[in-house]
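The whole structure should be built from the sequences, with the hints applied where relevant.
Single-letter residue listing:
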Amino acid sequence: MKETGIIKTEALTKYYNRGKANEVLALRDVTMDIRRGDFTVLKGPSGSGKTTLLSLIGCMTRPTSGTLFVEGRDISHLPERFLTDIRRKTFGFIFQQFHLIHGMNVLQNVMMPLYPTDIRISDLRSRAEAILEGLGMSKRRDFPVQGLSGGEQQRTAIARALINDPDIILADEPTAHLDTALSDEFMAIMRDFRQKGKTVIIASHDPLVYEKEYIDLLVEMRDGQIRNLCCNSPDR
Amino acid sequence: MILHPGILAILAGSGITLILLSSAAILGLKIVRKWDIRDSSEEQLALERRTYLVSTLVQYGLLFEVMALFLFIYTADDIHNLLVGAMCATGSLNANAFGFPALYFRVASLFLAAAWIALNHIDQKAEDYPLTKKKYAMLLFIIPVTFAGYILELRYFLNIEPNVITSCCGVLFSEGGTGAGSSLASLPAQTMKTAFFTLSLIMAASGISVIRTQRNPYAFFLAAVSFIYLIVSITSVISFISLYFYQLPTHHCPFDILQPEYYYIGYPLYASLFSGTFFGMMSGIIEPLKKIKSLSHIIPGLQRRWALFATSAIILFVIITLIPMVFSTFTLERY
Amino acid sequence: MRRSSFFFLYVFFCLLVIGAIVFWSEREGSRFIAKSPDLQEITAVLRLTDISFSHDARYTRHPSQADLFSAFQDYPGSIDHFPSGSVTAPPDFSLLSTRITVRKR
Amino acid sequence: MSADKHINILDFTIQSLLRRKFKNAGIILVFSFVIFIAGSILFLSYSFKREAVLILKDAPELIVQRTLAGRHELIPEKYAEIIARFPGVSDVSPRYWGYYYDSLVKANYTVISADRSLQTSNRLFRGQMPGEGDFGNAAIGRGIARARFIDIGDDVSLIAADGKVMDFRIAGIFESESELLTSDLIVMSRQDLSRLFGFPGGVATDLSVSVSNETEAPVIARKIRDRFPDTRPILRSEILRTYDAVFGWRSGLILTLFAGAMIAFIILAWDKATGLSAEEKKEIGILKAIGWETSDILEIKFWEGLVISLTSFLTGIILAYLHVYFLGASLFAPALKGWSVIYPEFRLAPFINMYQIATLMSLTVIPYIASTIIPSWKASITDPDEVVRG
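As given, the protein sequences belong to chains A, B, C and D, one line each in that order.
The letter at position 196 of the first sequence is residue 196 when you use this note's numbering, and the numbering goes up by one with no holes.
The letter at position 329 of the second sequence is residue 329 when you use this note's numbering, and the numbering goes up by one with no holes.
The letter at position 28 of the third sequence is residue 28 when you use this note's numbering, and the numbering goes up by one with no holes.
The letter at position 102 of the fourth sequence is residue 102 when you use this note's numbering, and the numbering goes up by one with no holes.
Calculated from the structure, these hints are not laboratory results.
Glycine is no exception: its CB is placed at the ideal position from the N, C-alpha and C atoms.
You can take every hint at face value.
Stretch-level coverage of chain B by chain D, calculated; a stretch enters the list once three of its residues show a Cβ under 8 Å from a Cβ in chain D:
no.	segment
1	8 to 14
2	62 to 68
Quick list of in silico lysine-lysine cross-link-like pairs, DSBU-like style, CA-CA up to 30 Å:
no.	chain 1	residue 1	chain 2	residue 2
3	D	LYS378	B	LYS30
4	A	LYS198	A	LYS89
5	A	LYS89	D	LYS281
6	A	LYS89	B	LYS290
7	D	LYS378	B	LYS134
8	B	LYS293	A	LYS8
9	A	LYS198	D	LYS5
10	B	LYS34	A	LYS20
11	D	LYS5	A	LYS89
12	B	LYS30	B	LYS290
13	A	LYS139	D	LYS5
14	D	LYS281	B	LYS30
15	D	LYS282	A	LYS89
16	B	LYS125	A	LYS8
17	D	LYS21	D	LYS5
18	B	LYS293	B	LYS34
19	B	LYS34	D	LYS378
20	D	LYS282	A	LYS139
21	D	LYS281	A	LYS20
22	D	LYS378	A	LYS89
23	A	LYS139	A	LYS89
24	B	LYS30	D	LYS272
25	D	LYS378	D	LYS282
26	B	LYS125	A	LYS89
27	D	LYS57	C	LYS35
28	B	LYS134	B	LYS291
29	B	LYS134	B	LYS293
30	A	LYS198	A	LYS212
31	B	LYS133	A	LYS20
32	B	LYS30	A	LYS20
33	B	LYS293	B	LYS133
34	B	LYS125	D	LYS378
35	D	LYS282	A	LYS20
36	B	LYS293	A	LYS89
37	D	LYS23	D	LYS272
38	B	LYS133	D	LYS378
39	B	LYS125	D	LYS281
40	A	LYS20	D	LYS378
Here it is in structure tokens:
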């Protein structure tokens, strides 16, 4: 064991609309362990529960039952206020639809997650500029996001996910709207993060993602359950 | 009478406040019954989200309450022209039996709403929201006070009879200025002075000991002293402090110091007094909460900070009262 | 320049205007007060009791000295010359529970 | 404790308000207008109140009218002698005055006799005040001068009670600064006035009573009424109080009528706040997903309300002030003044204070803010994982 799990779940179960006619069991008894620095891919068809698992891990919603540890802390009963706090400090999110806020420029979109914190706006701006620089987006800094190409939107979304310097990066179907070249570019960026010691968790059913050789942990999901756990790292 | 713009404004403002606070209480009722922080159901999540609404409602309620109090005093001052024998707001409030009680209830509900917000603030710092049930139960006690305040206010304004010309016989033989409750004013100034300054010293001393030790008996003592201090100070304002501001030995009105003629000195005066005594009381009231595990590391720091607020506000208050006593030639000795 | 600064600037600007207004009011108000001794002298010399405010009807000119027989003069119904006709008796809502405040001793 | 967080959120709020320029500008416009109207009414009535009280400060302390069969009747001058002997009464003088209907301009004038003259230093009167026995001369107010196109030195003819025409030379005129008091006055000698109106001898219109101690006035009034049960004494303090009440009441009445407009606006605001567009809803979802807390969203909404209401409020009261004191309240003056032919024209003296501003806030901003609380909360509790689930 090189380190204890940064994410640990025990019998994690999630119902939506519990007790109503449209009740959905999205996740059932998921138990797994992701270690710091792991490159994890959740693989499975749509409706298999990967997105639900991702949003549970990302503290966006609370499990119906079971326990979830993030960095060793039980968060399964935490009120939303504190979940948000953890989310803001620990996670960076990249959504399938990018979910950039239209009508604002790239820089503002990147800065957005940290607006409601006590960071000085000038510090925040220079941090955002540095990240955009790193992703080769500097020239697009003041460009309104609705005019960007798919790849540029993707990179803006990545930059936004990185603004809080997260330990864990979560991505939901990040390559769904990208061509092969851009998808590879994206995966290269993610690989870089892993190199820097960050934990990356990607939900995807795109072979371009889950067939990469540098993946440490491949979680195959179906019907809200884990079908198969497959480890590439030699010490597992 | 009721169509006076100021009165309309108050009734609108405090009516809205009442609606806000009552809906907060009704929403709170369900939280009291169903709240279970260990539960992960969607229902609990909905309750959790509802707490945001309740606290927002109470916060706005408090804000409007402050505004309505200000308007109430100003309107009372404005309508004294309409009433025979009323020289200032005191006279207007004495125009019928509901004036002063309405004011007391307003102040009381102000204090209660502020206390609620303070508790809410503490509660939200702990991950298990330990005070939730108590908090929302307490909300149910604020409502009757606010409600009573509103009813009294309504009755006060409805019962005011402006003495205007009536077509029947011209002169209204109204009784001129029947003794406006002057018992407070007649308290001996020298005795009040001694009591006031002694108590100020005790208050400051107990505040400092809470800041330094945060120990149990001191905190309770500070709370008790704060409460007594609030009453003694208001009595003192009526009995002698206001006289120094007016430089008149007979003018005992506690409201005229809010007027521009006296450089609005009443605002910092009352603001420092109210906030000082409020934080003094609160730092004692939260003492028992130290026993709750998830709060035990939050309370002492907060207590120290509040005691610090209380002490500095009271020192400011005393300084303001001292200004005219020290710098003007007016003395009360002869009266 | 931050967006919020524009807002603060606008508020600041408005407050400045209001400050100017308050200043101007003080000046004009004191000008009025300065001329008021002259007005008060006219009042005193001519023994006037009312301001010359609305001349729609005789009884609205000196409302405090009103004739008692003018049509529709007394509330309720005193709206033939609205709003001047409503000067004399603002509706006394205590009429709803009539009280007679005339006291004879 | 730092303010950065709040300023950041305010920044974001303003940016998102600007993105929906037209909608928000519309709301600010309507709200400013609502505040402008309410503010104008308040300023206007407050100024009237203050001026009336100041002007009438030296009015007679006590007026004694006689009533006969419920009607105002001329009072015998001998009443004056008896009242003058009451202890505490320092002076009783009969007043001779009446109304003259001028069919030419269809207006009522107030004809009054003066037995004293103004000091020459009085800046509000030009020319000469016709005194006792000063036949054929009159002093007039600006309103009449305007209505009849006359000035000092001109003649004016009035028809006397016996049907004969009486000519008067204008010897004096009241300056327009005093119009709130003198607009419709015609001052003439007592003899002319008696002839004009056909007064019988030995009677006056009413009596003005001065008392040596003002606080004694009600007592003296009571004594007069005991001695002469057919009289109606009117106290100055009651006149002042009545003016105070009347303007308070009138502006209150207009404000009440105007409440309809306010309610309409509140409904608009509520509707605007409730009817979040799909785009706005998505935006809030994104914010929550990327780490904004519910209370941060509530803060956006708070700022939104504050920016809109503060901007509108400040704009509204500034416009109201300009309207009332620079443009003569052209929109609302008729509602407070009443209509008439000889309309007094005057610039109101501005009085503005915290009380008016607080009243106005309480009538406009508080209802607006209150109406947006629940819609804001509804927006703020959007599920963060809604965005992820798509």
